[in-house]
Structure formats: C-alpha cells, structure tokens
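Student: Please arrange chain C on chain D, whose structure you already have, making use of the hints.
The chain contents come next:
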Amino acid sequence: MPTVVLMDVSLSMTRPVSLDGSEEFQRKNLAVHGLNMLFEHMSSNYRLEFTTLMAFSSLWELLVPFTRDYNALQEALSNLEDYDKTCVEAALQGVSNVVQQEWGSACPCQVVLVTDGSLGIGKGSLRHSLQTLKQRGDEKKFPLPFPFPCKLYIMCVANAEELQMSDAMDNLEELLRLSGGDGQIFTVEGTLCMKSVQAMFGRLIDHAYSPFLAVLHCGNLSADVQVFPRPEPVVIDEEVEPIPRTVSTEIDEVGTGTTDELEDEPSASQMAGKSPNFCVLLHGSLKIEGMVALVQLGPEWYGMLYSQADSKKKSNMMLSVFEIGPEPLPWLGKISHLGPISEAAENPYGEDDNKSPFPLQPQVKRSYAQNVTVWIKASGLQTDVQKILRNARKLPDKTQTFYKELNRLRKAALAFGFWELLKGVADLLERECTMLPDSAHPDAAFQLSHAAQQLKLASTGDSQYAAFDHNIVPMHTDFSS
Amino acid sequence: MFSVAHKTVFVVDHCPYMAESSRQQVECDVLTKSRAQGVIPLAPVSKSLWTCAVECSMEYCRILYDIYPRNKLVNYIVSDSEFHILNSWRQEDQSIQELMSALAAVGPPNPREDPECCSILHGLVAAVESLCKITELQHEKRTALMDTAERVANRGRIICLTNAKSDTHVRMLEDCIQETILEQNKLAGGSDRLMAIQQCDLVLVHIYPQGEDTLVSDRPKKEISPLLTSEVHSVRAGRHLATKLNILVQQHFDLASTTITNIPMKEEQHANTSANYDVELLHHRDAHLEFFKSGDLHMAGTSTRENGLKETITLKWCTPRTNSIELHYCTGAYRISPTDVNSRPSSCLTNFLLNGRSVLLEQPRKSGSKVISHMLSSHGGEIFLHVLNSNRSILEDPPSISEGCGGRVTDYRITDFGEFMKENRLTPVSESSHDPSGKLPAERAKAQLERHTRYWPMIISQTTIFNMQAVVPLANLIVKETLSDEDVLTCQKTVYNLVDMERKNDPLPISTVGSRGKGPKRDEQYRIMWNELETLVKTHAGDTDRHQRVLDCIIACRSKPPEEEERKKRGRKREEREDRTEKNATKDTDEKSWQDSERLKGLLDKEDQESEVIKDSPDSPEPPNKKPRVATEEVQPPERAKGPVSLLTMWTNRITMANSRKHQEFVGRVNSVNSKFELYQQLKDENGMDVHENGKASR
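Taken in order, these protein sequences are the chains called D and C.
If you count the first sequence from 1, position 309 lands on 309 in the UniProt record's numbering, and the numbers rise without skipping.
If you count the second sequence from 1, position 657 lands on 657 in the UniProt record's numbering, and the numbers rise without skipping.
None of these hints come from the bench; they were simulated from the model.
Hints may be right or wrong, so weigh each one.
[Unchecked claim] Mimicking BS3-like on lysine-lysine, the simulated pairs with C-alpha atoms at most 27 Å apart in a straight line are: (1) Lys134/D x Lys221/C; (2) Lys676/C x Lys521/C; (3) Lys244/C x Lys365/D; (4) Lys398/D x Lys266/C; (5) Lys422/C x Lys355/D.
This is chain D alone, in the form it adopts within the complex:
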C-alpha cells in the first residue's frame, strides 16, 4: 500500500514549543523529527513501500514523487520552507490527483496527514469546507472519500486538550468519517516535546507499518517469511454481523498444481555460504517446474505461491491471496476436496505429465455452452423458423437436423405457452409440402405432413402430445421395395 505523507508547512507550524531546555523547537521541527523516525523505520523494515512527500499550505506541492528511496525523502524533509495558511481541502484534492495518476483507483493507499491542528480560518479552512459540503455541485465535490480505498492517519503535533479547546478535533473526526476507511487520529500524549512526538509516531508505526511476519509450512519443512504488502483483514459483508478475517501467520502449504506458464531463463544466483532456506528451495523448484503451490492462509482462505520474474535476472516468490471461501477458483472445485494423487488409481497427470485433472467442468453447462432458445428479439424466433424451413426443403437428406430443430422449437413453444407458434409453423410446413417440386423425394412430403400434424396436436395442449420431454420422431418410411 503506497503511502502519501502530507506535511502541513503553514506558518502555524513554526510556532515555538516551550521547553525547559536551552534549545527552542518549532512544531515543524518536531513533526520532521517524527517523520524521519517513520522513514528510518520504513527503510529498514518496510523498504518495499512506495512513499511520496507532499507539502501544503494554501497551495500544495509534490516534493518527492512515489519512491523507495528513503534518503531522498529525508533529504526533502530537511529542506522544508514555511508558507502561508492551512487549506486542507485543496491539499486532499492534490493527494487524490497524485495517487490516481500513479496507481489508478483500485490500489489502496495510506495517507499520513501531519498538522498542528490549526486548520485555517475563513474560506479554505477545514471548518468552512465541512460546512459547505452539501452545497456543492458535481464540479467542486469535496475530495473525500477518495476514489481509491484509503486509510487516513492524522498526526497532530498537538495534544488532545489543545485540539478540544477549539472545534479542531470535531473537524478532524468529521474528516476521518468522510474518508470512509478505518483511519485514526493520533495526538501527542502529555506535554509537547521531542519524546512525546516520538511516542506518537511510534504508535503509528506499530499500527500501520509493522512488518507482516509469518511462517511458511510444508509438512516438516518451514521458513520464516515476510509478506509485503501486508495482507489486510477482510470483512465479509452481507451477513448479519460481519466478521473481519485476518490472514493467519501460520501459512500451510496444501499441495501443488501446475501452471500454464513456463519460464526458461534461470536466475543468476551468487556463490557464498549461508544457511539454506526452504523458501529459496521452493522458489527454485516452482520456477523450474512451472508449478504453483497452494497455501492455506486461514479457515477456508487460500492463496498460491509462485515464482515471478520482474526482469530476466531477478525473480522472487509471490503470494496471491484468493477471495475467502471454500471454492475460490471454480475450475479447481472445492479446495478441501483436493487430495493427493497417490490415492488415485492412475496418475491424473499422466505418466509423462501430459494431462491434467483440471479444469473441472461445471455440472450444468452455461447458457452459451448449450443450445438455449431465446425469442425475446423477433430475429431469434425468425432464425429458428427459417432454420426449420431450410432443412425442410432438403428432406430427406436433412431429416435428422430437421427434426432436431423442430423439437427444439416445439419444446420452447410449449414452455413459453406459445401454442400459436406451433400452429403457425405447422401451417408453414403444410405449405412447404404443397410447394415441393416434382423432383422431390417422396419421403419429403410424408415427413412434412407428419411433422405438421404432430405440431398441431401439441398445440392443443393435449397432455398426450404436448409433453415437454416428448420428441417428434421421423415417420418410419420404407422406399426400398
């Protein structure tokens, strides 16, 4: 999940913090200190996170675009300048643009808003923005909620009492509510000082930037792994009370399956002595064999591990988390009903690895895979009638197709209660019979009048002739003698 750090650089951030010691700090200094701490933590424990640094006052500025270079971020922090008043709405609009431009609108993001809690005055202030929420047209909509999933963390370089003296806290809470995600407001506990700000950022780190450490098990083989980005808990809705589900930190490998993809570029590995790790072994074998490993992440929650190459030289193990449920990929069937091939009488993958038990076919074919009859549009009905007539003119060569199409039409007409059509088609067949050329095979006339008669009988609804499962069979004729 990429992180946007949105730093308040308005004048109010330069307010001095009264300290017992000799040195005098501004709130900005404390904030920068806290952010440095966050960046240092990320560079050592969360180094794959993309982070951007934006500064805002009445305007906003992108200081460092999304990067994993934490030195660049810290460098930019040390060169912050001071500007005019705070305008949160414009800055959030900026965040929205920057994130969408980079990641689109499906990628979840974390926004860390660092402010002193004085949220501007008059037009452009957060208070004003929130008061005018309902009076806006589509063009000037408030940027929250963002189009992308977002966790908003508001870091106040101020303590809660200070914020509650004005309506700042209420406004920030409203902001959090509007963001729609499960963010949080952090305030300084106790007096404002280096230490308390450190503690506040420490709480943010614990909450949002703790690495996800897990153990990958394959029978008795195991390896400690870090999963990045962190798999977030999933809330299953549509139940009376939704239960959040979290990925278990004990990942169980269930077994392996074959993928379609095969890569032929071996990874360049370097020589050196270190203790062997199961993950590396598994990765190597998955890559060579072009297989994936099925892993269990929790009760009825599965995923797969596979080797993914970003370039020709580098490849790494990737975990894809499936949707929660007993049957995340329908063509595999229920995961709990996948068993070892050793139980099968015959290797379902073939002795030469030339076949596969997958994909499983659904019990009932989808409508597009079976010959369904739909007459919603007149053209559908016309096509079906014409098909019968076309075959009628080629009797007796097309006897089988003729009756197949006839029976398909008959079934649909009976189900739809469309008896008028049965009569109509019977009339058409009778007409065709009278129009047969002299050269026609005598059987054609017999079959046509037989079919017409059967349709007419069906159109009476008489249970003897109008049964759905009944099929009109060709009239038995013998012209050989």
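Tutor: Just chain C now, with coordinates in the frame of chain D:
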C-alpha cells in the same frame, strides 16, 4: 452471503386475462424473393401476455444462473385459481431446463376459466411461505455456526409479474404480503425447517398490452414496514418488458454491461470478407471498479441506451496473443453472460473462447493512448472476464530471492524438490468418496506432506543417501502411510544392496560433493551414510510394524563403528572376524528380520538356502559361487549365520580359510573397488583433511 439476492421468488400471473395478446406481432415467415410468387405469407404471430412474462423471466434466470451458478436461488410460482410451485430451493432444481419443463406442464392460461376464482394473491401468499423455507446453504451455515446460528439471515425478493387493475389493487396486494409475512414469521419460530423473514423486497411488474394505457403508475422503492419494501414497474409487454427485466437482473445482482466492439467475423454469405461486430456481455460490476471509482465512465466509451437506464462500457477487441504474461497482473475474474445469447456474433465469440482462446480488450482513453484493461478467457467451460491492472504496480521491481536468507546457497536440491512437488500434486476427489479416517482430502494431502518431509535435507552437500540411486526404492517406500509385505521386502533388498556395496567398497557420492577436497575416508563415508539412512527410517518407524521392521533391518545389517575399526585389520585377523560374526549371530534376536528371511527362502531358491540372502540384493544377481570368498567372508548380515549352512558354502569357507592362512592379503586387494585400488591415498587423504580443517576450498 444471505442478502435478499440469496432467494428470489418469481410469482407469475396465470389468470385468464394473461392469455390476452400482447399485440406485438412477429413476422416469422420471411419469404425470399425467388419464392415469393403466388405464395400467401403466413399471418404474423403474436405472443400472449403470459408468453411475454414467461420468456422474460426465463431470460432473467438464464443470466442469473450463468453468472451465479450456486447459492443465488430461484423459486418459481404461478398463480391462477390456486398456486403452483414449479421447483424448490434445492440446487438441483436450479436450472433453465427444469423450469422450462415445469412451465410446459402448466401451459398457457385457460381463457375460459372463471376470472372470479383466479387471483395473483394465491401465488403471493405461497411466495411468502416459500421465503420462510430454509435453503440448503442456510441449513448448512446454521448447522456449522451452532452457537451463532442467529447470524444466518433470511432475506428474499419477490418478483411478481401480473396485470394489476389499479393502484388500489397494488396497495391491497402489498398489505396482504405484509400480513402474510407477520403470520408466517410467527409460525417459523417453532420450526427447524422454517426461518422468519427479516427482509422482503417486493418488485411488482405490471404488464399491459401494446397500444393500451396503463392503469397502474410506476413507483420507486418505498418502505411498507421494516420487513417489507415495495416498488412498482408498469411496463408494456414485449421488448419493453424484456429490457425492464434485463435492467432488474442487473440491479438485483450487482451486474454491469460491457460491449466488446470491433470483433472481426466472417460473413455468413461471403466467407472471404469479414465485418466488425459488437457483443454485449453482462458480469459482476466489480469488473468495472476502476471505471466507476475514477468517474472515468464516459472516457471509457460508455453509452446510454433506450430509456436511459441501461449503460454499457465499450471495450475494443485485440487480436489474440498466445503468451500469458499479462495474467500476472490479473486482479479479478468474473463470469459473464451474453445479453443476446443465441445471436450469431455472440455465439461466435463464446465458441471462440470456449475453444481455449483468449481475447485482450483495449480501453479507449481520452488521451487517445490505448490501454489493455481486460481479458476474456474460459476455464473449464465457463467464460470469465479478467481484470488486468493497467496502472503502475506496487509490486514492481521486487528484490531477487537471492538477496534474502539462504539466497546465496547454491546446492539446493531443486530437481529433487521438483520431483517431490510432482508426487505431492493435488487432484479433485469426489465428495461422495468417503475416507475411513474421516479426514477431508486436503487434510490427507497435508498428512502426506508431513510424512514426506520428516527427513528432507534441503541441500545436496547435506545428504548422502538422497544422492544415491541405490537408496531410491527404500526412500520412496518408507514415506508411505502403510507398507505391504512386498514393500518391506523391497526396503530390505535395498539395505542388503547397501551392505553389498559397502563390502565391495563402492565409492559413495559423499566425497565428490562440494569443494572440500577428498573428504572423509570410505569407511567413515559408509558410517555417515548408515547414520543418515537410520535417521530417515527412524522418523517413520513408529507408524506401523512394517515400518519398524525396515528400521530393524537397517540396525541389524549396518556395520557398527567398532566393526569398521576391525575391518581395517581384517586382512590379518580373519579368524577373529569369523568368531565375531558368530557372536553377532547369537546376539541377533530380531524375530521379525528372521521371519523375513524365512519368507524369502520360500520366495527364492529353496535348494541353496545359504545363498538366498545374497540373491536378495538386486544388484548382485550372479550366483554366489562366482565370488565365494566375498560372499561368505565379508560383511555378512548377522541373521544369515543363524540359518543352516549348505555343504557348498562350508566347503568354500574351508578352502578360502585355508588359502588365506598361507599368505597375508594385499591391502590394495582388500580395499579394492571392482578390483582397482588407488595408490598413495594417504597423501590425498591427508591433504584433504588439512584443507577441510582449514575450511578453505581448494581445487
């Protein structure tokens, strides 16, 4: 899981007035010009209100079943002078075929029936009763969540297709449903198979013939009570009704529409030309998440059609490619259903996909640059719309696995683990096949993984036995859950073969692995090998008696370290050695091993009872008399001495012993491999040891 979409009841009016014509005429006799002369065309046919209602509801179900093959259930009820329930909530009743068959049995309404006796109310009351009936899934979840059974909800929707008389009539129907819900909820409290309704959405569709004015006004969804909401749609029969139900199925099941444009297709009449066609598909709306969220709908080629209610996103067909690298960034796959299923363009596209081809779809953007955002492809007879990530990925530029823990180790048993994975592949097991252990197949797969990994060294230099072809039969068998007598026999043969190798002083792969110079001496190598083999088998010995027997065999057969010390001097101390063999033999009290060799006797050559054990070893098929000295004097499996000795063996022993007394055997011959012996081994050994001690890799 249990939203209103879990249960849908269709209540279709079967009263005499539904037999009325929709007055929408279909010309089904299309005459070609050449045949037109003198032929009176057939009068156009027109569908009744009933036919319109039935075919549109079937289309609703078709789309629903295509996209949600399970757990979105339909109960179909028709109402005239009484109600007729055409199917149940059970999964096997959920198919178009089932419903069509039941509808055929009902037939069209009888226009001569007394209208006074007929009412849609019978069906609506039955619908409420039906909503109270528990479905398989609700039952399953209720049983699974015993303590939290109240979490399983019961909500549903009633779609009523009727011809109402007036707005007052509609209100009367709503009131009646409300009352019935209250009554039924009381009953449901006392039953296992019934559940009280927590929410019911009534969708009343008033159908009237073309050219008439409606007597019922449209009304958006409103709350009648906390349990019941109601909405009214007043629609002309025919294509308006079809469009309405198509919109409803999209609303009810969170669907969205994508139109694939620019599909090249051969013309039916002119096979050598091709024209471009469009096909509209429905699918879960999450496949459009990216568009909805970013407000990009209009940029992505949205068009609003007909009455302004239906929207579709247009994506452009791209010429299929074979490589599937794009799959890596697939973020979702959604089932589809074509809107116009049996039109030629639709069936061409679906057949193309069902035959295993994939189609990438391009998204026209405002800047003019085109981005591939979706892919159509089938899996197991079902077509899915795959969403591809078209933005920058946060997974880009991941570190190489070689930068992590263990990334610099180079002698992983990659190939062996590949074989291991292949043996542990999964296959679907039918739900009906019951395992006596009561474990689910996946649990059995995990148990197999556990057994197969009890001893599994990850790198080549950590293992000797897995580098030896001779150990393969035992290694493959010992991990099995149960062993047959034959399996035990094979394992024992493997052990005897190793004994034979040791006796012949065959080299072990241990010394060639890694770059540690010469490595340990041969007898030390065998000691390591035996230890490792014992470790492997010990992890399984507790499983069954037969597993234990394999371990017993190894313990009994392997030469103990003191013996190996002896072995070095064996050239000079032959008599002592013979004594010891006898001692060992008396110590051997392992009945199982003994029984095994007894059994072998039956299986193998009965005449030569002494040599049979040697024949055990698959790698020494020659008769023992070719190498009598080796066969009788070297490392004899101790139990062999216990058996009766043949005359031939006794004679050979005697001669050999006599001969050996006459001279001292050359050290080289004693330690030779295939009658070859490497000279000046000590020098190499010493060098090797030195290098090893320094921990440096020379060579």
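Student: Now, for every hint given, state plainly whether the structure supports it.
Tutor: These are the hints, each one checked on the structure:
Of the pairs offered as hints, the one joining Lys134/D and Lys221/C holds, with about 24 Å between alpha carbons and a cut-off of 27 Å not exceeded. Annotation: proposed proximity of Lys676/C to Lys521/C holds, straight-line Cα distance about 16 Å (limit 27 Å). With a C-alpha separation of about 26 Å, the suggested pairing of Lys244/C with Lys365/D holds against the 27 Å cut-off. Restraint check: the Cα-Cα separation between Lys398/D and Lys266/C comes to about 25 Å, which is no more than 27 Å; the hinted pair holds.
Distance restraint check for Lys422/C and Lys355/D: the Cα-Cα separation of roughly 13 Å lies within the 27 Å cut-off, and the hinted pair is therefore satisfied.
Every hint, counting from the list given before, is met by this structure.
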